[in-house]
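Visitor: Residues per chain are reported as follows:
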Amino acid sequence: MASGHFASHSMRLHGLQEQAIITSLYIEALRAGQPFSFRVVSNSMVPTLRIGDSVYIEPAKAKEIRIGDIAAFETPDGLVIHRIVRTQQKGTSIRLLQMADVDLHPSWVEEHAIVGRVSSARRQNRKIHLQHPIAQRCGKITARLRYQLYLWKVYTPLRVLSRLCSRGVVRIGCLWIQCCCTTIVSPDEPSSI
Amino acid sequence: MLKRNGTVLWRELDGEAVLLDPAEGCTYNLNRVGTLIWKLIDGDHAASDIASAICQEFEVEHEQALQDMEHLFDEMRQHKLLQSDVSSLNTIV
Numbered sequence: 001m002a003s004g005h006f007a008s009h010s011m012r013l014h015g016l017q018e019q020a021i022i023t024s025l026y027i028e029a030l031r032a033g034q035p036f037s038f039r040v041v042s043n044s045m046v047p048t049l050r051i052g053d054s055v056y057i058e059p060a061k062a063k064e065i066r067i068g069d070i071a072a073f074e075t076p077d078g079l080v081i082h083r084i085v086r087t088q089q090k091g092t093s094i095r096l097l098q099m100a101d102v103d104l105h106p107s108w109v110e111e112h113a114i115v116g117r118v119s120s121a122r123r124q125n126r127k128i129h130l131q132h133p134i135a136q137r138c139g140k141i142t143a144r145l146r147y148q149l150y151l152w153k154v155y156t157p158l159r160v161l162s163r164l165c166s167r168g169v170v171r172i173g174c175l176w177i178q179c180c181c182t183t184i185v186s187p188d189e190p191s192s193i
Numbered sequence: 001m002l003k004r005n006g007t008v009l010w011r012e013l014d015g016e017a018v019l020l021d022p023a024e025g026c027t028y029n030l031n032r033v034g035t036l037i038w039k040l041i042d043g044d045h046a047a048s049d050i051a052s053a054i055c056q057e058f059e060v061e062h063e064q065a066l067q068d069m070e071h072l073f074d075e076m077r078q079h080k081l082l083q084s085d086v087s088s089l090n091t092i093v
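Chains as they are written, first to last, in the numbering used here: chain A, 1 to 193; chain B, 1 to 93.
Don't read these hints as lab results, they were simulated from the structure.
None of these values were measured; they are calculated from a predicted model.
Where is the CB? At the ideal position from N, CA and C, for every residue including glycine.
One thing to keep in mind: the hints can contain errors.
To list a few chain A residues with every Cβ distance to chain B over 12 Å, as calculated [said to hold, decoys possible]:
| id | residue |
| --- | --- |
| 1 | 24 |
| 2 | 27 |
| 3 | 39 |
| 4 | 46 |
| 5 | 92 |
| 6 | 162 |
Distance ranges between label pairs, derived from CB positions [unchecked claim]:
| id | chain 1 | residue 1 | chain 2 | residue 2 | range |
| --- | --- | --- | --- | --- | --- |
| 7 | B | 12 | A | 64 | 26 to 36 Å |
| 8 | B | 58 | A | 107 | 41 to 51 Å |
| 9 | B | 52 | A | 89 | 58 to 68 Å |
| 10 | A | 47 | B | 58 | 19 to 29 Å |
| 11 | B | 53 | A | 76 | 51 to 61 Å |
| 12 | A | 32 | B | 16 | 18 to 28 Å |
| 13 | A | 179 | B | 12 | 39 to 49 Å |
| 14 | A | 61 | B | 63 | 48 to 58 Å |
Just chain A, same shape as in the assembly (with noise of 0.2 Å):
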């Protein structure tokens, strides 16, 4: 064995391989109560989240959710981070609906799959206050109108205009939250602060 062999080769950081046995330290982590930042991957929920950004996850149980929340949840995918657009109590349990800001497609996420809620997150020297009292508002008052459309999508007349308009309600939303909720961070500063 060569001289500083696990030194050079025995610990390097990871890239995007062993995702899921990563995902999965990272929900055991949350459910430990630990939050941590994590990577976007996915342009499900743009504009206000895109690839590369950071996005600092907090843990939650099912019941702190609040309509309008991106809440964390697992799925056999992985871990999933969209808006919550409905709540339903189902006997004892709660269930959370899900959309992810781009579509119109929601599903139910049962109580025991949600690990978090995303507080913030950061894209190069900015930083999103996702739970800023204006952020929480603009969050609600979009969950609230897409589920609406959605209802509508359902009349096959008034599918294209609820697409359309989901996409307005969106980007409104997320300009008020980047306009009131933003704040200029150094690029050394940690993104849990």
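For this one, chain A is given, so just place chain B on it according to the hints.
Guide: Using the frame of chain A, we list chain B on its own:
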């Protein structure tokens, strides 16, 4: 005794460990040798015991194993993967 940082989560996949430090948001990969070391730094094994285990498992001299371990522990300390009260390898050999 050397001990893993308790906040670091890890899982073994095909004999190789994947580590996650949630506080730093960093993930790491250990090869088979590194994984063996990682599993043995549980606070119950001295460095010399770990080196002996490596010699049994892999073809390497005891001294060489100790030297290489020290490099790995240095890296682990830099990345806060060991408990902070752990002193240098020399004090526990």
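Visitor: Hint compliance check: list the failing hint numbers for this structure, sorted ascending.
Guide: 1, 2, 3, 10 and 11
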